[in-house]
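Participant: Chain residues, written in single-letter form:
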Amino acid sequence: MRSPARPAWIRASFHVATTLAVFVPLGLSAWGSEQLSEPLVYTTGIGEARRVVLGQHTVANLNTRTSLSVGLTPSACDIELQSGEALFEVRRSDAHEVHVIAGQVRIDADAAAFSVRLRDQDDGVDVLVRKGDVKLTGTREPVTLTANQKAHVSSHGVKLERLDESEVQRRLQWTTGYLSFAGQTLEEVVEEFNRYNMRKLIIEDRAIRRLQIGGSFQSTDPEGFVAALLPMGVRRADAGPVDASTGLIRLVGMQVR
Amino acid sequence: MNRRQLLCCTPLGFLRVSDNQESANVRVEINAGNAAATLTEFIRQTRLQVLFEADAIRGHNTRAVSGRLEAREALRVMLEGSGLMFEIVNDRTYAVRPASFARTRL
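Just so you know, the sequences run in chain order A and B.
Position 224 of the first sequence, counting from 1, maps to 243 under the numbering used here, and the rest follow consecutively.
Position 74 of the second sequence, counting from 1, maps to 1285 under the numbering used here, and the rest follow consecutively.
All clues stand as given, with none of them false.
Lysine to any residue pairs mimicking SDA-like chemistry, simulated, CA-CA at most 25 angstroms apart: (1) 219(A) with 1301(B); (2) 169(A) with 1265(B); (3) 150(A) with 1252(B); (4) 178(A) with 210(A); (5) 219(A) with 1303(B); (6) 169(A) with 1248(B); (7) 154(A) with 178(A).
FYI, nobody ran anything at the bench for these hints, they're computed from the structure.
Bound-form chain B, shown alone (with noise of 0.2 angstroms):
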């Protein structure tokens, strides 16, 4: 297992890091700020699902990043040091949400 599929793997045993995982690159020009924007932009950019909980990114910022990469890679390189992180849930989908982020809340 090499360290991207690490970083994609959760405790949750839903969630599969497979072969077939969309692995087109694409052209990402995002700007580092607020996270809510950033991810918007990600999704324009990219046309994938993204998921988040709104109240639960607010404070985080995100990194810029920008060329021709695999769309899961913008995001990890977005996400690196902003207390969030992202979780792979099919083919065209992630869910984003705050590394300490406490289930038992509900």
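Excised from the complex, chain A in its bound form (with noise of 0.2 angstroms):
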């Protein structure tokens, strides 16, 4: 079947963006070289994934729902964590540097491996080093992160906990599509899956909040993580598929009827 000619303001179009294309890179290439370019967006929705490249000395690993701004010159990266999560790595460079504002809070780093995480509800931002070190200014005072060590940036100031290497792993197991839990409550790791999926958790028995729970799960996969709260004595309250309408699946003991 013959398609139909396109109209020549279509054509026209074209040619005008072939040389856009072409020559609009070339001539802000020449423009300067610490000319800040636009920066770039990076997002990922609920469940998602992705890992970019920023330069040649910062890789980012982005959580469910996040959004990074990126401004790359050729002797800074300057991101901005919008909302959500990412993990960066950054290599060693004399003459580049790494900068992430999140919220009110600047990392500044150099050869180091960090995840920073914007709370919801104004909650704060998380910082938490598992190489490297980093600073932190926007506090009160500055601050220095090291390895297996976090801070909780909020209005009431800045919480520093030291944590085990195998801790770290653990809560950076996101990295791996896996949600990794050592003794935390069921309401926590309820809250956690939530972040991952449209389909929620909801606890409706308060005997079962504070059961501790272990283990690994993928963090987009639900049903399967309910599945195996009943040998403890979890179920869920209503049988049948996931009601589509509310995407809520709702936990009771086994007791409650």
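Each of the two chains sits in its own frame; use the hints to bring them together as a complex.
Facilitator: Below, the structure is given as structure tokens:
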């Protein structure tokens, strides 16, 4: 079947676009090497993960529901975490600086691996360092965080925490698509699953809220997780498929009817 | 029904042991030790989903296991004599609990 001929204005637009695509980048590169180009924005939806290479020195791993704005120049990489959470891996460089802005906090890093999470409802910023050290400013006093340290920065100040290496690994399991638990309450675990899924878990029985959960699950398998709770005495309040209209999976103890 | 299937059976009707169960062998190398640590290692090496109640398995120790074998066989060896048992939730998910777990305590 013969395709209809394209109108002249579409053909003309195509030529203009091609010309711009070829010549505009050439023009921009000649336009002062320090000129900041338009920031790039990278996003993930609920349950998605994304790994992006930012220039020659930084890799960012975006967790669920995350948005990053990135401005790159030859001497700096300026990243703004607009929502969500990301793990940054920054290579050593004498001539290139990497800055991450999250809320009121600015993080300067060189040869480090660290995650930054902007918590919902203005609950502050978490910074967790896996390798190297990072400097935090925008706080009352500048703070240097070293490997296996975590800072929670909120309007109340900075709360520092020293963690085991295995605990840091556990908290960063999301980079592999899994969630790992080591004694977190069912309430905390449910909150964590709900970050990754449209089908929300909801606890409808106070008696099971404090159950301490251990193990590891794919972050996007809430149904599998709920099925595995049954031997612990936790079941779904309603049988059958998940309610499509509410997307809720309601959890109760075995004795609640 | 062979011995292994019997081990996986429970009084709970919801569990199933089907022919398409994950049967690929995996390489495992897990030392003896406390159950929370060894199960975490089992998860890391097999990439399977395992759930347990952290409180309930405290104080239980599991055996060493090494070699190339089915994941559930590795788990069976680990848990032998530990006072813990496992239930198969689905093809890639296990729940571990004390053998004497009282379900009615909630």
